[in-house]
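Please model the complete structure; the sequences and the hints are all you need to start from.
Residue numbers (the numbering used here), protein chains in the order written: chain A, 1 to 160; chain B, 1 to 331; chain C, 1 to 504.
The set of hints was computed from the structure by calculation and includes no laboratory data.
Fair warning: this is a prediction, and the values are worked out from it, not measured in the lab.
Quick reminder that beta carbons are idealized off the backbone N, C-alpha and C, glycines included.
A portion of the hints provided could be inaccurate.
To be verified - As a list, the in silico PhoX-like pairs of lysine-lysine whose alpha-carbon atoms are at most 20 angstroms apart:
id, chain 1, residue 1, chain 2, residue 2
1, B, Lys56, B, Lys295
2, A, Lys145, B, Lys56
3, B, Lys90, A, Lys145
Stated by the list, open to error - The following residues of chain C were derived to be distant from chain A, with all beta-carbon distances above 12 angstroms:
id, residue
4, Met221
5, Arg250
6, Met475
7, Arg493
As the list claims (entries may be wrong) - Quick list of the computed label-pair ranges, beta carbon to beta carbon:
id, chain 1, residue 1, chain 2, residue 2, range
8, B, Thr299, A, Ala92, 49 to 59 angstroms
9, A, Gly131, C, Leu51, 22 to 32 angstroms
10, C, Thr476, B, Glu112, 30 to 40 angstroms
11, A, Ala84, C, Pro17, 49 to 59 angstroms
12, C, Arg496, B, Asn148, 52 to 62 angstroms
13, B, Ala147, C, Gly341, 39 to 49 angstroms
14, A, Tyr58, C, Ser492, 47 to 57 angstroms
15, A, Arg4, C, Gly167, 11 to 21 angstroms
16, C, Asp459, B, Gly327, 16 to 26 angstroms
Chain by chain, the residues run as shown.
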Amino acid sequence: MVIRRFHMELFVAGLTALAGAVTTFGSLELGVGWTESGPEPGYFPFYIGLLLAVLGLYNGAHAAIAKRGDAELFVEKRHAIRLARFGGPMAAFVVVTILLGLYVGTALYLFYVAWRQGGYRPLLSALIGVGFSLALFAVFELTFKVPLLKGPLEPLFGIY
Amino acid sequence: MLRNTRITLAAAAALLSTVAAHAEWLPERPVEFIVASGAGGGTDNFARTIQSIVTKHNLMEQPIVVLNKGSGSGAEAFIYAKANAGDPHKLIFGTNNVYLLPHVAKLAYTTEDLAPVAALALDEFLIWVKADSEYKDAKSLIEAAKANPGQIPFGGSQSKDTDETLVALIEQETGADFKYVPFNGGGEVGVQLAGGHIAANVNNPNENLGQWQGAAIRPLCVFSPERMAKGEPIQGDQGWSDIPTCSEAGLPIESYQMPRTVWAPAGLPEEALAFYSDLLKKVSETPEWKDYLAKTSQTGRFLAGSEFEDFIAKSQDNALKVFKAEGWLVQ
Amino acid sequence: MGNFGLLLDGFQIALTPTHIAIMVIGVLLGLVVGVLPGLGAPNGVSLLIPLTFSMDPVSAIILLASMYWGALFGGSTTSILFNIPGEPSSVATTFDGYPMARGGQATRALTLAFMSAGTGALVGVIVITLLSSWAADFALRFGAPEYFAVYFLAFCAFIGMGSAWPGKTAVSLLLGLALSSVGMDTITGSLRLTFGLSELIGGISFLVVVIGLFGIGEILMTVQHGLKFRGVSSRVDLRDVFRTIAELPRYYLTLVRSCLVGAWMGITPGGPTAASFMSYGIARQWSRKGKVFGTGRPEGIVAPEAADHSAGTCAMLPMLALGVPSSATAAVMMGGLMIWGLTPGPMLFTTKPDFVWGLIASMYVANIVAVILVLATVPMFAALLRIPFAIIGPMIVAVCFVGAYTVSSATFDLWLVLAFGIVGYLFNKLDYPIAPLVLAMVLGHKAENAFHQSMILSDGSVLVFWSNPLVGTIMTLALALVILPQLVRLASRWKRDQAEPLGD
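Now the structure itself:
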């Protein structure tokens, strides 16, 4: 199946409408009326959500009727491949970071991309990854005393 | 039982600290100071002052890392404590919000998730009005609010927090009816008062000091059992000790004070708890701490162990009465 | 002119070798924390405060203030080069700064930004010098309705004339408003839209969203366009810097207007972030080339930068004279002031003139020092763009996530960055404007608070917004900014329809 801009227009319009619906329902329990001391806590979110849902549907309908972007590809195939090659490691980086901490995640991520996509030798790539990670450590942890996310590996080196 | 052990241990630790401390627990890695307010707030200054005193007097080997987690009126810090249950390398700095917040908002922690370490100071509350206000004393302000129910705007910081609780308490005790307007912080409320946009506020001394010096506003009375400590005159020949207490001024509220408190995640070793309360005791005895108290016009009061727990229980009971009457309770 | 004499005394304090050395150190440290998205001025200043305990208050505040100026300049640098705003107030700089840098004119964009920022700051200090006694009284006149009016004005100035499809602009704006209402509401104390998630109690940080939308979203666009920055081949040399400085007088009108907008927003106190958005919006409306804003127009860089710094500088005045910090950094500095035993307030100007005027004089000197230092480092920063993408790309990604993590040390924010990165990419591809979303996130909740406070004060009457000349003027001005352009547009369409009835 080919993804056209038309499909994405519908998808994003639907997504914003959904966000609006969630906001509307989320504010219902807060009270959405207007009292003598002004709006209740849910007042603004309720109408913002409602308006968002309506506009989302409107944008979707508008795109559907006008068949906006029906002929236009959303992304060309070679672009999609590039995006996947970049986005894949990035998403993996987030998962690894949450499991192993920012320092290990960053080092592995930089190493992988420099090695597989930059075409650098593994040793040099590893140096780039570890070096950048150490630089982050020196700046954040040592100089400015801002602790970053650490995983199970750092304590082995006595770093908490 | 448990409480007794805790006191004994605290006492023992205090004794041992002067001798070679053989059984004493010591932090093994950097200690995190979690501040339940944003940078620059009263709680932030409280934590950072302690940090600088500990560092200056070398009271602890391990370094200190200060982290601000002030969102949700401080709830962020307390939920963080719950997530790190049993971790002896984290201290949480707050006020009475630690044990009052869960009563007025549905939050993912209870007071049991934090172990009380110590309270180091009591911050006072005063009633302030604009300098050229028609209200010469607390009585006339109350009478005005009785005569025009819901018309006199009374500012405070945050909603259902210490300020609004105090205003509600005044209303309940006197039968007056104010129009409470919440703002983001004490400084903001002070300026709103100086600008005449509200009629009164209940700021802490520190939050309104500059405005009082500039003769933009003046205090009516202080919610303290006795008058505040004598110091330099602030405005004309008036100083903190010249302000009448609110009971002198005819308000039936003897005391309303906000403790500056330190907590740890529940479940930490007893020895660690003793170490920290001993550490804070030493901090409270330094000249720098006295200096901090004087500059911020707070009352120094070191509370730990059962004394602190009694204080919490009493302060919580009083607040709960107000919350109940106002219908704020969530559980 | 009593102020002038005091200022001269101030210069005698500020121009000692020690103090100039302190300024250089402060600015350099500030540049470092400003350039790194994870660290900001508030962070840097709070770390420096313990070091200042042993210094005398004048030197201490000069150090902290210089760091603040340095951080403001540093924040613009990452906005322009990587589309990651280092400080909230430099978000508006990304709109045209980044496209210009990507188009191969990184040096020009940076130089324009720094020069206008420096000009803005100088105008700000001059305003402070001249108005110090009057401005504090003026700021006192701002109650809740006036605050709302100022925020409303910023909204209207920015939204007035969007070039994107109105349906999409509205969706973006509403999405921002919805996001800004998540978390604990100050006025009512109730938790909103958290759906039981503790992570959402503090709300969704505007910085995290911006890092996702701009940083990650843009890098995805860059990847799609061919895995490298287009600025790579351009040469970087000092001559570009001077050429751009010579170009600056051409934008004098934008400069003057933006500085005034900034000074107004700094004193009133709407704050630097609102000022930069408002100034950008006005520049776009006034420019005949308004339609091509967002593609690298010089005015689009000059306007937000000048206003940002002018407001940031003027905001020191309410902090000193009233004790109201208008930004997180100012709040931290105020904390420092109290630790040194000084109380911000109306009396500070009378009791500690050497402190106040030493600081004000140092602001003149430190901003000049800052401009020289940043201009000297432009080639170095611009050269960053020449690093191969396979290395710098992941580094930027990593720095984005590090930056987002440091906002509140929550792993939840890492997912948010990823999610908003994808949203940013989709919005970009489908021509949804992102700026209204950001503006709504920054000002939405503040405006709602001020509105709500006004309603409590007025017992629910909207007429409070026209209850005195000050608030009435601001509100009317704001409405005019929205309505007039629409009328003009309608009129011209009507004319066109008359001419060619079949027009689409």
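Here is what the structure says about each hint:
no.	hint	verdict
1	Lys56/B <-> Lys295/B	19 angstroms, holds
2	Lys145/A <-> Lys56/B	17 angstroms, holds
3	Lys90/B <-> Lys145/A	15 angstroms, holds
4	Met221	10 angstroms, violated
5	Arg250	38 angstroms, holds
6	Met475	17 angstroms, holds
7	Arg493	19 angstroms, holds
8	Thr299/B <-> Ala92/A: 49 to 59 angstroms	55 angstroms, holds
9	Gly131/A <-> Leu51/C: 22 to 32 angstroms	29 angstroms, holds
10	Thr476/C <-> Glu112/B: 30 to 40 angstroms	55 angstroms, violated
11	Ala84/A <-> Pro17/C: 49 to 59 angstroms	58 angstroms, holds
12	Arg496/C <-> Asn148/B: 52 to 62 angstroms	59 angstroms, holds
13	Ala147/B <-> Gly341/C: 39 to 49 angstroms	43 angstroms, holds
14	Tyr58/A <-> Ser492/C: 47 to 57 angstroms	25 angstroms, violated
15	Arg4/A <-> Gly167/C: 11 to 21 angstroms	20 angstroms, holds
16	Asp459/C <-> Gly327/B: 16 to 26 angstroms	21 angstroms, holds
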